[in-house]
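Undergrad: Sequence order for the protein chains is A and B.
Our numbering runs 13 ahead of the 1-based position in the first sequence.
Our numbering runs 13 ahead of the 1-based position in the second sequence.
These are calculated hints, taken from the structure and not from any lab test.
All C-beta atoms, glycine included, are put in the ideal place defined by N, C-alpha and C.
Errors might be hidden in some of the hints.
Label-pair ranges, simulated between beta-carbon atoms [to be verified]:
1. B:Glu602 x A:Val380: 40 to 50 Å
2. B:Asn57 x A:Leu272: 44 to 54 Å
3. A:Gly311 x B:Phe114: 43 to 53 Å
4. B:Phe247 x A:Met590: 24 to 34 Å
Computed list of lysine-lysine pairs in DSS-like fashion (alpha-carbon distance at most 30 Å, straight line) [said to hold, decoys possible]:
5. B:Lys473 x A:Lys650
6. B:Lys117 x A:Lys102
7. A:Lys291 x B:Lys652
8. B:Lys550 x B:Lys117
9. A:Lys291 x B:Lys556
10. A:Lys117 x B:Lys290
Example chain B residues on the side facing chain A (calculated, C-beta under 10 Å, incomplete) [what the hints assert, rightly or not]:
11. Asn78
12. Asp97
13. Leu100
14. Thr310
15. Lys556
16. Glu602
17. Val610
18. Gly618
2 protein chains.
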Amino acid sequence: MLQESSVDSSGSRFAPLVVLELASDTKEEAIAWLLSRIRDRQQNGGAELLVEQLGPGIGLEEKENPNMFLVGASMQRLLCGAEDLGLFKECTDGSMRAFTFASKHNFKDFKGDGDGFLSMAECQYVIKHELDTLRAKEETNVPGYSHAKLYPGKSIIRRLLSKGILIQMFPLHENEELKRLSFSWYKKVKVSLQPLDDIRHYYGEGQALYFGFLEYFTFALMPMALIGVPYYLFDWEDYDKYVVFAVFNLIWCTVILELWKRRSASLAYYWGTLCRKKAFEEPRPGFHGVLGHNPVTGRAEPIYPTSKRHLRVYLVSLPFVLLCLYLSLYIMMIYFQMEGWALSIYDENPTFWTHILLFIPSIIYAVVIEAMNLIYRYAAEFLTEWENHRLESSYQNHLVLKVLVFNFFNCFASLFYIAFVMQDMELLRQSLATLLITSQILNQFMEAFLPYWLQRRRNKKMIRKIQKRRLYEEKELPLVEQVRLEADMSTYLGTFDDYLELFLLFGYVSLFSCVFPLAAVLVVLNNITEVYSDAFKMCRVFKRPFADPAANIGVWQLAFEAMSVIAVVTNCALIGMSPQVRSYFPESETQLILCTVAAEHVLLGFKFILTFLIQDVPKHIQDKLARLEFESLEALKKKKMLEASQLSKTVQ
Amino acid sequence: MLQESSVDSSGSRFAPLVVLELASDTKEEAIAWLLSRIRDRQQNGGAELLVEQLGPGIGLEEKENPNMFLVGASMQRLLCGAEDLGLFKECTDGSMRAFTFASKHNFKDFKGDGDGFLSMAECQYVIKHELDTLRAKEETNVPGYSHAKLYPGKSIIRRLLSKGILIQMFPLHENEELKRLSFSWYKKVKVSLQPLDDIRHYYGEGQALYFGFLEYFTFALMPMALIGVPYYLFDWEDYDKYVVFAVFNLIWCTVILELWKRRSASLAYYWGTLCRKKAFEEPRPGFHGVLGHNPVTGRAEPIYPTSKRHLRVYLVSLPFVLLCLYLSLYIMMIYFQMEGWALSIYDENPTFWTHILLFIPSIIYAVVIEAMNLIYRYAAEFLTEWENHRLESSYQNHLVLKVLVFNFFNCFASLFYIAFVMQDMELLRQSLATLLITSQILNQFMEAFLPYWLQRRRNKKMIRKIQKRRLYEEKELPLVEQVRLEADMSTYLGTFDDYLELFLLFGYVSLFSCVFPLAAVLVVLNNITEVYSDAFKMCRVFKRPFADPAANIGVWQLAFEAMSVIAVVTNCALIGMSPQVRSYFPESETQLILCTVAAEHVLLGFKFILTFLIQDVPKHIQDKLARLEFESLEALKKKKMLEASQLSKTVQ
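Please build the complete structure, drawing on both the sequences and the hints.
TA: This is the structure we're talking about:
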């Protein structure tokens with residue numbers, strides 16, 4: 014918990030959980046209105062939360078934003094909020110049940126008033142939910158801002174965000190807890206499992222699932238890495254031995270993805286997110302349309318016809334993506350031409366300068382690829398925003414799909430070209446190694462060290478500023494300074510880029526690792542450093558993100574599965590092209606191709622059967638879920654029988 | 014409703030709904046015990062139903078079974094049972110909601126006591142459910158039968174069935190209703206849509222979905238049939254024009270299956286089965302094992318380890334199926350050898366007798382195939398029984414899978430061999446036509462006319478017997494005779510064989526119809542007669558089956574989808590082999606094969622994308638379902654808020 018507690022307007026002290034930062038020029042009447050709505054009782058449509066303005070810091074006052082507000086709540090309010098959200102907690106009998114205030118004493122670890130029963134991340138999530146669902150009543154606009162329109166049922170916070178009146182809303186870090194977590198996470202020298210429960214406790218389920226997946230993926234790669242080392246040591250040049258490796262690859266990538274589903278279901282069950290019902294998603298802040306009525310909730314809400322969105326997706330976005338893919342292919346062809354041209358110059362006149370010229374195309378290509386990825390990412394975000402999706406989840410899915418397809422093309426097109434058009438295994442191996450190693454180094458640098466360095470410079474300036482003014486006996490920063498420090502930290506943009514990186518690494522391993530068996534070893538090494546750098550950036554570089562109660566890794570599961578299907582096709586083709594297999598069909602190439610295709614179809618069929626046979630949720634968890642449902646049905650039946658017998662008594 | 018009503022033990026008249034037939038030598042004490050348990054009040058663990066022994070008929074008494082019982086219930090009991098089952102009914106506002114007795118007046122068509130609110134099929138389903146869930150209390154065995162063990166919580170009816178004490182339990186037909194239904198269904202000369210709502214009303218959702226699918230499938234085939242006719246009329250011998258037809262085939266079979274899912278969801282929504290929660294399935298009557306406790310319900314129940322079942326499935330059943338497939342292939346090869354041998358004899362010495370010899374192999378092969386299908390079916394049933402599945406649904410799935418794979422092989426292996434090994438398109442066309450036409454004629458005969466003829470003979474004997482004794486003024490049979498007549502009717506074994514037949518027809522059309530464009534026309538004709546014969550046998554040949562509240566066609570959807578994937582592969586291969594396409598690659602066969610394979614992969618990918626893009630449930634029904642869920646969440650929230658405010662009042 015934070016060292017300092019604030020005093021709310023009614024005089025009782027409260028622990029601040031969430032910070033609201035309004036624009037520094039926000040009008041007084043808007044602030045007063047917002048605070049009164051947040052403090053108002055639930056019966057009157059308020060959020061019934063505690064809120065207080067942050068005092069001035071010790072920094073340069075003229076630069077500080079005075080409109081920072083700390084939000085907290087009483088323990089009773091938080092527990093009721095947790096019930097509204099349908100949070101699942103462990104009961105004393107070991108089962109997971111939706112928390113209800115009435116049956117609070119049946120839950121494990123519930124003592125006294127319930128202090129410590131909800132983790133700080135859960136409390137912050139409750140507050141975020143309460144703020145998000147604070148709705149306008151009769152107001153037609155935000156007081157003082159006639160252009161910030163409101164209508165009954167509109168989420169106030171979302172309107173403030175979309176109009177730029179609310180700059181940000183973020184949860185506070187918990188210094189003591191963070192120290193403990195970072196020690197067990199990345200400061201220990203000893204190699205150990207990820208402290209997933211602690212990560213979940215501090216950052217929520219979405220983050221914990223990412224680290225769980227990263228850990229699982231690393232372990233899953235171990236057998237590949239172990240087999241890869243002797244391949245590297247003994248058969249380096251004998252790469253027609255890779256048939257065994259490719260077959261292993263095929264089975265491996267199907268099985269690990271299926272087993273991950275089971276592991277993910279287990280984790281989600283014990284974290285209580287597996288069977289939690291999702292609340293109805295609000296429209297995203299950027300969503301716009303004619304005001305109408307939501308057919309599900311009946312609330313007033315902007316309406317945008319699905320047919321129009323479909324037109325935008327299929328007539329603009331899809332052609333744009335295809336055009337970009339074509340461009341990417343075109344640039345790849347230019348690269349190969351340049352390379353051929355450099356090689357011919359070198360062959361004609363092998364001097365030092367022409368030798369250097371050999372590297373020029375690769376360097377240009379690498380830079381162009383990075384630049385294209387960057388530009389495309391912006392274009393994809395713009396387009397997906399323009400498609401005007403109602404839900405954040407739908408926006409995310411469309412964005413992920415766009416970025417994924419393009420990144421896949423950009424990263425793997427040249428490898429596919431080398432493997433299947435040029436059929437040069439030696440070059441494939443070289444390119445793969447170069448791509449893997451450079452992308453790894455670049456990523457680690459861009460992802461953790463650069464932001465950390467920038468952050469450190471900023472922090473130092475701040476701390477120096479404070480120390481200039483006065484000296485503290487304890488080294489801890491006072492609350493006011495901590496809040497201002499955190500407000501300046503970069504915002505964590507979610508696990509998108511982390512998963513994308515893993516996805517591409519998975520591609521390198523599953524698609525082509527049979528020609529470069531050391532790929533798995535490199536990816537394992539990368540993952541180990543990735544864990545540390547990711548953990549580090551979560552703890553030190555970014556603002557704390559709100560918890561995200563995920564039950565699985567979502568659309569990424571699908572992406573990885575699609576990759577594993579492509580891997581089956583690729584590996585079969587590589588096997589078919591190997592000299593070893595070719596020697597079985599000395600006279601007829603047709604025969605060879607037909608056999609390869611047949612084998613591929615059998616393997617694909619086998620893969621789909623395997624997907625059916627391996628159950629997504631382990632049996633013991635299925636049983637527990639069924640038991641919960643059975644109990645609720647039985648309770649309902651019993652209640653009805655009781656009511657019927659009471660009814661018959663009153664009739665008599 | 015039935016013309017005659019019986020008088021129950023307490024003196025009030027009741028409409029009989031279900032018949033229980035006990036063995037004629039059942040001990041008196043067992044009968045008395047069973048009747049008292051059925052009549053006992055629910056608080057005491059009884060079923061609280063009305064039951065009465067059927068009086069002696071007018072037939073030969075020495076042959077009649079005296080132990081026939083009629084079961085009925087009061088309207089209030091039936092409505093409560095419908096609530097227990099969670100039946101969905103239409104409300105006055107047009108939405109579908111789970112019926113509750115307390116809010117009965119909110120439901121459409123609920124008048125007075127509720128007479129006519131539940132269809133007779135629903136009433137019978139309620140009674141079946143109540144009888145099935147009649148559980149043993151302290152009894153350790155059925156009175157008078159020390160070997161018929163019972164334990165607390167064991168379903169009494171299931172034990173009686175598995176020990177042969179209860180011969181059968183079946184719902185009664187409703188003569189008036191049946192006449193109306195059969196008139197609108199198959200007696201009208203005018204071609205019209207299937208009366209799906211009436212079928213559902215009389216036979217339940219499972220039957221109605223089958224007829225819905227049959228109708229949908231017939232309509233879906235219309236475009237194929239319409240395109241097929243000009244192909245037949247103008248290009249009969251020019252079968253290298255089939256590329257266009259094959260491409261059409263590919264798209265068609267993907268799209269119709271996806272659209273069927275939407276149609277099925279719509280039907281199930283309006284019939285109230287789409288969102289009905291399934292009750293916990295009881296173990297099947299034949300399931301055995303050591304007595305233990307069900308981890309879900311906590312009830313005493315036989316336990317059989319899953320690992321043992323897996324061993325049986327993978328070490329015995331799977332090898333057996335593979336062996337049968339091998340045998341089937343082997344017999345097919347013998348057939349082709351015999352055919353070659355017959356042909357060579359005819360070529361050497363073309364006389365009348367050797368010409369007849371040409372037909373001998375086909376006839377032998379056809380007979381052997383039928384015999385193998387029959388024997389295999391028994392073997393599959395035996396094996397699946399022996400695998401000892403706990404649930405009826407799991408038993409059905411395993412049985413369907415076994416029978417499906419073998420039937421697919423038996424029916425299509427020779428066609429595949431002709432198409433891809435012999436590459437004789439002329440022969441393929443001939444075989445396809447022969448197979449389609451003969452199987453059609455055979456099926457119609459075996460399925461409807463044979464059982465009808467047998468039934469008719471039996472009925473006539475009975476009616477003659479009655480008329481010999483006395484003459485009725487009205488032509489209607491008295492209740493007693495009707496019950497005995499129906500008890501003698503054949504039992505309808507479910508939609509398994511009907512779906513299997515459709516599945517094979519779908520195979521003929523989607524796999525090979527491009528070489529025989531008239532296939533779709535034949536299948537459409539077959540389907541039209543199939544509708545009539547199926548309707549006829551449901552109304553006149555079989556005992557009325559219990560309603561089966563299905564929300565979709567279950568495992569068959571999967572089977573049809575698997576077939577459509579195979580169809581993509583087959584059609585691509587046929588296209589690749591066509592002289593038209595071959596002429597594009599005059600010198601290189603390798604090039605041709607690679608292009609075909611690439612096209613196939615693109616089509617398969619496209620197919621899967623299409624599966625994702627077409628939503629399984631139409632948008633307006635998704636909205637309605639979401640609205641129901643939203644309302645229940647809101648109601649819960651409101652209730653909690655009310656409780657909280659009451660609590661705070663009492664504290665004050």
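Undergrad: Tell me if the interface restraint on threonine 310 of chain B is satisfied: Cβ within less than 10 Å of some Cβ in chain A.
TA: Holds - the Cβ of threonine 310 of chain B comes within 10 Å of chain A, reaching about 6 Å at its closest.
Undergrad: Does lysine 650 of chain A sit within 30 Å of lysine 473 of chain B, going by the straight-line distance between their CA atoms?
TA: Violated, at about 49 Å.
Undergrad: Range hint 44 to 54 Å: satisfied by the CB atoms of asparagine 57 of chain B and leucine 272 of chain A?
TA: holds (50 Å)
Undergrad: Regarding the hint that asparagine 78 of chain B lies at the interface with chain A, is the smallest CB-CB distance below 10 Å?
TA: Cβ of asparagine 78 of chain B sits 36 Å from chain A, so the hint is violated.
Undergrad: Does the interface hint hold: is valine 610 of chain B within less than 10 Å of chain A, judged Cβ to Cβ?
TA: Holds - the Cβ of valine 610 of chain B comes within 10 Å of chain A, reaching about 5 Å at its closest.
Undergrad: Report holds or violated for the interface hint on lysine 556 of chain B, using the least CB-CB distance to chain A and a cut-off of 10 Å.
TA: violated (31 Å)
Undergrad: Does the interface hint hold: is leucine 100 of chain B within less than 10 Å of chain A, judged Cβ to Cβ?
TA: violated (14 Å)
Undergrad: Under 10 Å is the threshold here; is the Cβ of glutamate 602 of chain B close enough to any Cβ of chain A for the hint to stand?
TA: Check passed: Cβ of glutamate 602 of chain B comes within 5 Å of chain A, closer than 10 Å.
Undergrad: Take a look at whether the Cβ-Cβ distance between glutamate 602 of chain B and valine 380 of chain A falls inside 40 to 50 Å.
TA: Since the Cβ atoms of glutamate 602 of chain B and valine 380 of chain A sit about 43 Å apart, the hinted range of 40 to 50 Å holds.
Undergrad: Verify the interface restraint on glycine 618 of chain B: the C-beta must sit less than 10 Å from at least one C-beta of chain A.
TA: Constraint on glycine 618 of chain B satisfied, holds at 9 Å.
Undergrad: Using 10 Å as the Cβ threshold, decide whether aspartate 97 of chain B counts as touching chain A.
TA: Holds, about 7 Å.
Undergrad: What's the verdict on lysine 117 of chain A and lysine 290 of chain B, does the C-alpha distance respect the 30 Å limit or exceed it?
TA: holds (28 Å)
Hints 3, 4, 5, 6, 8, 9, 11, 13 and 15, counting from the list given before, are not met by this structure.
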